[in-house]
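Number of protein chains: 2
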Amino acid sequence: MLRNVLYLAMGAVLLSGCFVSVHREECLTEGKESRGLRHVVMFKFKDGTSSQQIREIEDAFRALPGKIDAICDFEWGTDVSVENRQQGFTHCFLVTFRSEADRAAYLPNPNHKEFGKILGPHLDKVLVLDYWATK
Amino acid sequence: MLRNVLYLAMGAVLLSGCFVSVHREECLTEGKESRGLRHVVMFKFKDGTSSQQIREIEDAFRALPGKIDAICDFEWGTDVSVENRQQGFTHCFLVTFRSEADRAAYLPNPNHKEFGKILGPHLDKVLVLDYWATK
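Chains as they are written, first to last, in our numbering: chain A, -18 to 116; chain B, -18 to 116.
If we strip away everything but chain A, and leave its shape as in the complex, we get:
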């Protein structure tokens, strides 16, 4: 009896690990040796853009994964590099899609367009580079 309980407890602990694993692999496209289609977006804001305006832009971008199903993973951050090769860019957003079809759904999505309207007036430079992520 005690042994069965131990086995079950072990199973429960391992099960939680398994769920985490499944969650983190959701952008893997079936049959494709890739972690997904990465969409790297960098911004440099115009001089004079206030910290509150920047915060509103950050929040608006961060809200997109909750509004657009085609986004299967999302992360972002502000530049903390030490090599002075960031070309003036201060923000990086990493959006991940499962497929080119999902990217094609994202780009003209009304919520994405709406974000563009919030961003546009403050944008000095933008860089967008997409790649299929492989090791």
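This list has only true hints and no planted wrong ones.
Copies of the same chain look alike in the list, so a pair counts if it works inside one copy or between any two.
Straight-line C-alpha distance at most 20 Å; calculated PhoX-like pairs for lysine-lysine:
1. Lys116 - Lys48
2. Lys25 - Lys106
3. Lys106 - Lys94
4. Lys94 - Lys48
5. Lys94 - Lys25
It is worth saying that the hints were derived from the structure and are not from the lab.
With chain A held as given, fit chain B onto it using these hints.
Just chain B now, kept in the frame of chain A:
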């Protein structure tokens, strides 16, 4: 007896899931709400760089995670964007560190410096932006 074997089999299956999970989370810094310190590196090669020379550079970068312990995750790919905002960059490498200390160990690492010698003669433009990855 049969029940014990079933419990063990279940444990083994779950264990494999757990290993995948641990592997994919290894860049999470304890106590930090981040997936790690991302180091985004983009290249544009000089006109006239041959496809073989580009392949040698790709292979040399891809070999670094096997040589430098400070790299806890690595992925890369070539530009497939459709918005023409890649500013001429054709390659993106995403190197992840657990800490600023690991980045500080990576930058002057002899293997990294050796890679720089292979890359340097063919490099037109480079962009490096680091960020602590958050949702």
